[in-house]
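Participant: Read top to bottom, the protein sequences are chains Y and L.
For the first sequence, the UniProt record's numbering assigns the number 108 to the last residue and increments by one with no breaks.
For the second sequence, the UniProt record's numbering assigns the number 681 to the last residue and increments by one with no breaks.
Calculated directly from the structure, the hints in this document are not laboratory data.
Owing to the predicted nature of the structure, the values given are computational and were not obtained by experimental measurement.
Incorrect hints may have been included.
[What the hints assert, rightly or not] With a cut-off of at most 27 Å between alpha-carbon atoms, the simulated BS3-like pairs for lysine-lysine come out as follows: (1) Lys435/L with Lys388/L; (2) Lys668/L with Lys26/Y; (3) Lys26/Y with Lys465/L; (4) Lys366/L with Lys335/L; (5) Lys662/L with Lys26/Y; (6) Lys388/L with Lys545/L; (7) Lys107/Y with Lys668/L; (8) Lys335/L with Lys266/L; (9) Lys528/L with Lys634/L; (10) Lys66/L with Lys91/L.
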Amino acid sequence: MSEATPRITAPYLESFSHQNVRILGKVRQLRGEQATVDAGGQIIVHLNRDAHLQLNHAVEIIGKVQNDLSVKVMASTDFGPEGGIDFNAVEAVVDATHRYHEIFYDKE
Amino acid sequence: MTRNNVLPSAETRERLGRVPIPEDVGANQNQTTDERTSQHTPGTLTPDTLDSDSFKMADAMSMLTKGSLLKATLGTLPPDDQPVVQCVQVKPMNNQSGVERWRVVMSDSVNFMQGMLGQQLNYLIHENKLQKGNIVRLSQFQTNYVKDKHILVLLELEIMDEFGLQEKLGQPVAIESQPPNGMDGVKQEDQQPGNIAGNGFYGNKPQQAQPQQQQQQQQNRSLTVRSGGGGSHTSIYPIEALSPYTHRWTIKARCTHKSDIKTWHKASSEGKLFSCNFLDDTGEIRATGFNEAVDAWYEVLQEGSVYYVSNPCRVQMAKKQFSNVAHDYELTFEKDTVIEKAEDAEGVPVVTFNFTSIADLQNIEKDNTIDVLGVLQDVGETQEIVSKTTSKPYQKRELTLVDNTGYNVRLTIWGKTAQSFEGQPESVVAFKGVKVGDFGGRSLSLLSSGSMQLNPDIEQAHILKGWYDGSGRNESFQSHANTMSTVNATGGADKNAVLTIQSVKDSGIGMGEETDWFSTKATIIYIKQDSFAYPACQSEGCSKKVIEVTDNQWRCEKCDKTWERPNYRYIMSVNVSDHTGQIWLSCFDEVGVQMMGMSANELMEIKEGGDDRRVADAFQDAMCKTFNFRCKAKMDSFQDTQRVRYQVQYANPLDFSREATKLAAMIKQYSIGESNSLFVT
Numbered sequence: 001m002s003e004a005t006p007r008i009t010a011p012y013l014e015s016f017s018h019q020n021v022r023i024l025g026k027v028r029q030l031r032g033e034q035a036t037v038d039a040g041g042q043i044i045v046h047l048n049r050d051a052h053l054q055l056n057h058a059v060e061i062i063g064k065v066q067n068d069l070s071v072k073v074m075a076s077t078d079f080g081p082e083g084g085i086d087f088n089a090v091e092a093v094v095d096a097t098h099r100y101h102e103i104f105y106d107k108e
Numbered sequence: 001m002t003r004n005n006v007l008p009s010a011e012t013r014e015r016l017g018r019v020p021i022p023e024d025v026g027a028n029q030n031q032t033t034d035e036r037t038s039q040h041t042p043g044t045l046t047p048d049t050l051d052s053d054s055f056k057m058a059d060a061m062s063m064l065t066k067g068s069l070l071k072a073t074l075g076t077l078p079p080d081d082q083p084v085v086q087c088v089q090v091k092p093m094n095n096q097s098g099v100e101r102w103r104v105v106m107s108d109s110v111n112f113m114q115g116m117l118g119q120q121l122n123y124l125i126h127e128n129k130l131q132k133g134n135i136v137r138l139s140q141f142q143t144n145y146v147k148d149k150h151i152l153v154l155l156e157l158e159i160m161d162e163f164g165l166q167e168k169l170g171q172p173v174a175i176e177s178q179p180p181n182g183m184d185g186v187k188q189e190d191q192q193p194g195n196i197a198g199n200g201f202y203g204n205k206p207q208q209a210q211p212q213q214q215q216q217q218q219q220n221r222s223l224t225v226r227s228g229g230g231g232s233h234t235s236i237y238p239i240e241a242l243s244p245y246t247h248r249w250t251i252k253a254r255c256t257h258k259s260d261i262k263t264w265h266k267a268s269s270e271g272k273l274f275s276c277n278f279l280d281d282t283g284e285i286r287a288t289g290f291n292e293a294v295d296a297w298y299e300v301l302q303e304g305s306v307y308y309v310s311n312p313c314r315v316q317m318a319k320k321q322f323s324n325v326a327h328d329y330e331l332t333f334e335k336d337t338v339i340e341k342a343e344d345a346e347g348v349p350v351v352t353f354n355f356t357s358i359a360d361l362q363n364i365e366k367d368n369t370i371d372v373l374g375v376l377q378d379v380g381e382t383q384e385i386v387s388k389t390t391s392k393p394y395q396k397r398e399l400t401l402v403d404n405t406g407y408n409v410r411l412t413i414w415g416k417t418a419q420s421f422e423g424q425p426e427s428v429v430a431f432k433g434v435k436v437g438d439f440g441g442r443s444l445s446l447l448s449s450g451s452m453q454l455n456p457d458i459e460q461a462h463i464l465k466g467w468y469d470g471s472g473r474n475e476s477f478q479s480h481a482n483t484m485s486t487v488n489a490t491g492g493a494d495k496n497a498v499l500t501i502q503s504v505k506d507s508g509i510g511m512g513e514e515t516d517w518f519s520t521k522a523t524i525i526y527i528k529q530d531s532f533a534y535p536a537c538q539s540e541g542c543s544k545k546v547i548e549v550t551d552n553q554w555r556c557e558k559c560d561k562t563w564e565r566p567n568y569r570y571i572m573s574v575n576v577s578d579h580t581g582q583i584w585l586s587c588f589d590e591v592g593v594q595m596m597g598m599s600a601n602e603l604m605e606i607k608e609g610g611d612d613r614r615v616a617d618a619f620q621d622a623m624c625k626t627f628n629f630r631c632k633a634k635m636d637s638f639q640d641t642q643r644v645r646y647q648v649q650y651a652n653p654l655d656f657s658r659e660a661t662k663l664a665a666m667i668k669q670y671s672i673g674e675s676n677s678l679f680v681t
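Using the sequences and the accompanying hints, generate a full structural model.
Facilitator: Dropping the structure here:
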């Protein structure tokens, strides 16, 4: 594991511009190369060739945050229907990640 | 609508798949609309001047299987026939029990017939696929004759979208109310003007109250109280209103439960009795019959059928301790009581339930009677027990029920219900009249006055089935045993606390006189591979070790029985660990099976077969599994040393959602009191 991919939600996008991040959210819209994922807020993601997102499924995206706060997807994993995921747990992880960021990533 | 008499091009013909018939074309022009459309020959149109709607209509008309509805009612329709009809009306049915039901009227342009959409087809209405005007093919249906009227019950149909929505085709008329096979036992109690509802429903003329044209809502379940007067069957009394002060009454109700015939022999009297529960849409009441009444009515009354019961019949104060229905009074059959079977069950609900979810069971006090709905996770074998008190043998069977609140519970059924139980695991079962006990936390027992239904056709059951098929099957369930209320708390320890292994060792649990309970979440890191199982007696419920007297002769001392093969049961020493330390736990068969994923017999077979590799693999697979172990700790004197032994009672697989919440709460504990300056919003 060379590089850390801190787990974030929409509000954190600004603080992680140009960095690789991990997002777990619900797929809300699919528009060809683009999609909208809801993770504490709407995030526009630009899909790559392998990304096969399904509407109303939970998906984990690993990608780079762009200037305009959209995310360019590098890898994605489908987590199944959004009902199967406890998003409170996700929220708790994100919170812990940033509260105790020393464990999870380097913050300059 | 005029039509050009030009043949379509070959291309069009092919596209339409029809063969034009030139001869008839000219004759059509001067006929009435009906005749023309009924004789319409397809394909005689020009694509250029195509009036697509009329084209479709004419075509649709030809698709309709005229006369098929009449044949269906007479029973002369060939069995594989799938009539094509037009839906000319769609209306929802008012239904007291909340079940969504749609009425439709289908026409084959010659006749129309009222019908009911099977619940599995309700989605067609929701998605607007089936509307007034659609042409449909009836792939699966039945005809019933109810209250002098033929009713279609639609189980499966195919919407022929290519015809879209059409105006009413033809001039269909109602089918003559000919009862099939001379069935004429239907009571004419629908003469009451108050009964006629459903005004404006297709084909209904509100003024008609003739018996021939029974135009009321056939399956209207909101029909209840009818004012008195007239013959005994015209005044149906609601069960709710029964009291000792009513003079004449007749109830129309379903027998929801019939008990066995019980006999008693006392010094003063002896005799026999049976009891049953009657249900109508106002309530339920219990009824008992003694001696002659048993002879007269026991065979007549069948569970699930609807009957008219009229006085003379005694109405008395209810003896609540024998009954599980909520009614102040109860009935006692007399010599002259009149009971007649009702031909149609219209207006009478089937058993109604008031379910408690399994998670809520925790909040229900012991000894309460409830109804429960769940998915069968496990069905035990029928066990014969001899009662300690009466020395009579009886049967019992244990079932494990789960539902979508994440809990499981054991439910015991007795006697005949246990013997004849046919429910398969993964089916949905509804139980009515179940007593709550606190054995092992929470347990349920089906009362003799209770009943059960396998895969009931109620919405909650379907929801549950859907949930189970989706995620429920793989879900791990919290057993109420984790919140054991039966174990008396001696000593200060909180029985339900989940401890880290270090605290288990530190706190000296088990060091005292009595056994202590605790829970811990830990991962299996090693399983002792030698002597992981012992040969046990095959008798149901007996797990005593059997001794191999001679080859293939295993004897159990307790049961005094000999078996050819023993039933191997796990007795494993496992080393489990969490982030604070490791500890040895001993597990018995049930937990062993959970860990190893196979029965001890299976594993022994593999081992005795010499396939050591597979044995090693099996143990390997079992490792690194994390469970919530519910353990008992007690002091053991072993060869002069005193040691605390930890035994696993239950091992529950992790419910990740629940565990995540616990961890999040723990983490939060660290930050209590900390300033929130680090918190990035």
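Participant: Take the hints in turn and mark each one as holding or not.
Facilitator: Hints, verified against the model:
no.: 1; hint: Lys435/L with Lys388/L; verdict: holds (21 Å)
no.: 2; hint: Lys668/L with Lys26/Y; verdict: holds (25 Å)
no.: 3; hint: Lys26/Y with Lys465/L; verdict: holds (25 Å)
no.: 4; hint: Lys366/L with Lys335/L; verdict: violated (40 Å)
no.: 5; hint: Lys662/L with Lys26/Y; verdict: holds (24 Å)
no.: 6; hint: Lys388/L with Lys545/L; verdict: holds (25 Å)
no.: 7; hint: Lys107/Y with Lys668/L; verdict: holds (22 Å)
no.: 8; hint: Lys335/L with Lys266/L; verdict: holds (23 Å)
no.: 9; hint: Lys528/L with Lys634/L; verdict: holds (21 Å)
no.: 10; hint: Lys66/L with Lys91/L; verdict: holds (24 Å)
Comparing the model with each earlier hint shows a violation of hint 4 alone; every other hint is respected.
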